[in-house]
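Participant: Here's the letter readout for the chains.
There are 2 protein chains.
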Amino acid sequence: MILTVTLNTALDITYRVRNLTPHASHRVTEVTERPGGKGLNVARVLAALGHEATVTGFAGGTTGRALRERLAHTTGVVDALVPVEGTTRRTVAVVDATGDTTQLNEPGPAIAPAEWSAFQEVYEDLLGSASAVALCGSLPQGVPVGAYAGLVRAARAAHVPVLLDTSGEPLRRGVAARPDLVKPNTEELAELTGSHEPSRATRDVRRRGAHTVVASLGPEGLLAHTAEGRWRAAPPRRVRGNPTGAGDSAVAGLLSGLVERLPWPERLARAVALSTATVLAPVAGEFDRAVYEELVGRVRVTGEADAA
Amino acid sequence: MILTVTLNTALDITYRVRNLTPHASHRVTEVTERPGGKGLNVARVLAALGHEATVTGFAGGTTGRALRERLAHTTGVVDALVPVEGTTRRTVAVVDATGDTTQLNEPGPAIAPAEWSAFQEVYEDLLGSASAVALCGSLPQGVPVGAYAGLVRAARAAHVPVLLDTSGEPLRRGVAARPDLVKPNTEELAELTGSHEPSRATRDVRRRGAHTVVASLGPEGLLAHTAEGRWRAAPPRRVRGNPTGAGDSAVAGLLSGLVERLPWPERLARAVALSTATVLAPVAGEFDRAVYEELVGRVRVTGEADAA
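Protein sequence lines, in the order shown, are assigned to chains A and B.
Per the UniProt record's numbering, residue 1 is the first one in the first sequence, and the count goes up by one each step.
Per the UniProt record's numbering, residue 1 is the first one in the second sequence, and the count goes up by one each step.
In isolation and in its complexed conformation, chain A is listed as follows (with noise of 0.2 Å):
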C-alpha cells in the first residue's frame, strides 16, 4: 500500500451561500463535509487510481469523529489515524454565486508529547507494509519543527520512498534529511531558496538534500529535476476553474507513478493530467476522470535524461 501522513486532518466544510455580506445573516443552501488534509486528499485520489492506500495523522473531538466515520465509506482508503485528546479542525469555505471562496480555518489541535510518541510507533509499523510514503501539510501545535525530518530518516531506514510536500521551516528542516522527492509550489521554492527563478532554485533544493524536486508552476504545470534528467511537463491549454487540492492530486499522480516505475516523462503527464482534472471539476479537490484521460496523453513534457 502507499502510506500517506496528515498530521493536521481538517474536516473539509463547504457552504454555498447566495451572496456573502459582512454583517448580514445568511441562509446557506448547501452543505458538504468531507474528510480533508492533503494526505486525505492524496489517498483519495491513489485510491481512484486503483491503489491501495493507508492514511494516518491525528484525529480526535467529534469532529475527529466525523471525519473518520466518512472515511471509513471512502473505498480503498484504510484509516490508520491516530486518535488525540484534541479536537480537529474544520475548514468552512463558503462559495457565493461568483463561485469564488471565502475561508475560514479553525487551528487545529495541540499535540501532547505522548501523542507524537504514539504517532511515530504507529508510522514505523506502517512502514513496514508501504511502497511509498508521502508527508503532507503543516505541522500542528505541539509537535516539533523537525518532526518531518525525523519521518523522512525513518522512512529511508526502512527503505520506502519518501516524498515530502509542506513548506517553511518543516520543509527546511525534512529536505536536509535527503527525502526521495519534494513538491513545493513557486512560493515554497522562492521561501526555501531565496530564488525566484525556478530552474535554479530546484537544482538548489536538490543541493540541499533533496534526490528529487518536482516544483509546481500553478497553470504553467511542473518542473522535475532529477537524477536522471530535467523535464517540463505542461498542460494542453490554460484552464480556469477552482486550484483547492490540484497540488494534492499532482503528488497522488507523482507518488502512483513512482510505484509503479512509469518512467519520468509518464508520471509528469499523469500528475500534470491529474492536477487539470482537479482544478476543472465541479466539486473543489476531486477530479474529473474523463478530463483526466482525455488531457494525460495530451500533456506536453519536454526536457531530456540526462546521458548514463
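In case anyone wonders, no lab produced these hints; they're calculated from the structure.
Please note that the accuracy of each hint is not assured.
[To be verified] Stretch-level coverage of chain B by chain A, calculated; a stretch enters the list once three of its residues show a Cβ under 8 Å from a Cβ in chain A: (1) 22-29; (2) 88-97; (3) 104-117; (4) 294-306.
[To be verified] Away from chain A, derived, C-beta distances all over 10 Å, residues of chain B: (5) R34; (6) G50; (7) R232.
Cβ atoms here follow ideal geometry from the backbone N, Cα and C, with glycine treated the same way.
Following the hints, complete the assembly by docking chain B onto the known chain A.
Facilitator: Below, chain B alone, put in the same frame as chain A:
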C-alpha cells in the same frame, strides 16, 4: 421541572477573526461551541435561576451528538431530545474586530413522520411532570405547520401552562389553540395582526386566543396584556451590546415567574432584567448575573391591575 421544546435545535459555533473579507482566507483565532436553538437557551437561563429544566425536540447526526455531549455537561438541564436520522444544523457566527457578526445558518434536518410521532409521545409523557412548558422557535421541514397548535392543546389538556414563542403561520395557528402566554417581538406582532401599534396589536392577539401577550419591544422592554391588567416594563437605562438570546432570557424570566407565582410586575421586572443582562454579557446568549441582580430592582414597571 420546566419543559422547553426546540424542534429545530442547533449547534451554535462562534468564530473570531480579525477582519472578514469576502473571497479571502481567514485564520480563526478562537472557536466556541454551544448547544443552541431558543428552547435550549431558555433552559440554560432557567437552570441558572435554580429551576430544573428539561429540553426536548430533535437531535441527529454528528452535530446532534456534539450538541448532546455538551448538554450533558450543562448543570441543571436534562436532555430528553428525540434522536432523528437527519443531521442537526450548525449556525456559524463570525465575529470580527468591529464586534459585528456575520451569520451563516445551515438548513435543519427533514423530520420523518415516524420521528414526529415519536416526539409527540415523548412530549405527552414529559408533560406529566412539567410545571410549565415553553414551545420555542421555527419548525423544521417535515413537521406540520399546525404542530404548535397541537402541542398547545396537549399541554392545556394536561393542565400545564404553555408559553409559545415562534413566528409566522406556526404562531398564527398556535395562538388559535389558546396558549397561556405568547411573547412576540414587534415584527412578529405586526406580521400576525397587521398593526404596528403594539398596544392595539397585543389586544388583537388576545382576541385571537392567547390568554396573555407579552410583547418584546427590543431596548424599550416589554408590554404585557394580561387578564389581570396591563403593564409596561423598561430597563433603567438604554444599553448597547449583543441582543442574541435576549428574547430567550425574557422567556426564562416569564416562565420562572409563572411557576413561582410572582405578581405580574415582578415577573416582568425579572424578564427585563435578564434580557438586559444578556445584551450586556460578553458571550452571546449568556447573562451577566451581577448585572441582572443590580438591574432587577431598578426596572421601571408602569400600568395597573384591572379592578377585580
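Participant: For each hint, tell me whether it holds in the structure or not.
Facilitator: How the hints compare with the structure:
Note: the segment 22-29 of chain B has 8 residues with beta-carbon separation from chain A under 8 Å; the three-residue rule is met and the coverage holds. Note: the segment 88-97 of chain B has 3 residues with beta-carbon separation from chain A under 8 Å; the three-residue rule is met and the coverage holds. As drawn, the segment 104-117 of chain B meets chain A at 4 residues by the rule of a beta-carbon pair under 8 Å; at three or more, the given contact holds. Given as covered by chain A, the segment 294-306 of chain B fails the check, having 0 residues with a CB less than 8 Å from a CB of that chain where 3 are the minimum.
Distance to chain A confirms R34/B as a non-interface residue, since its nearest Cβ pair spans about 13 Å, more than 10 Å. Every CB of chain A lies more than 10 Å from the CB of G50/B, the least distance being 30 Å, so the non-interface label holds. Non-interface status of R232/B relative to chain A is upheld: no Cβ of that chain comes within 10 Å, the nearest being about 29 Å off.
The structure shown violates just one earlier hint, number 4.
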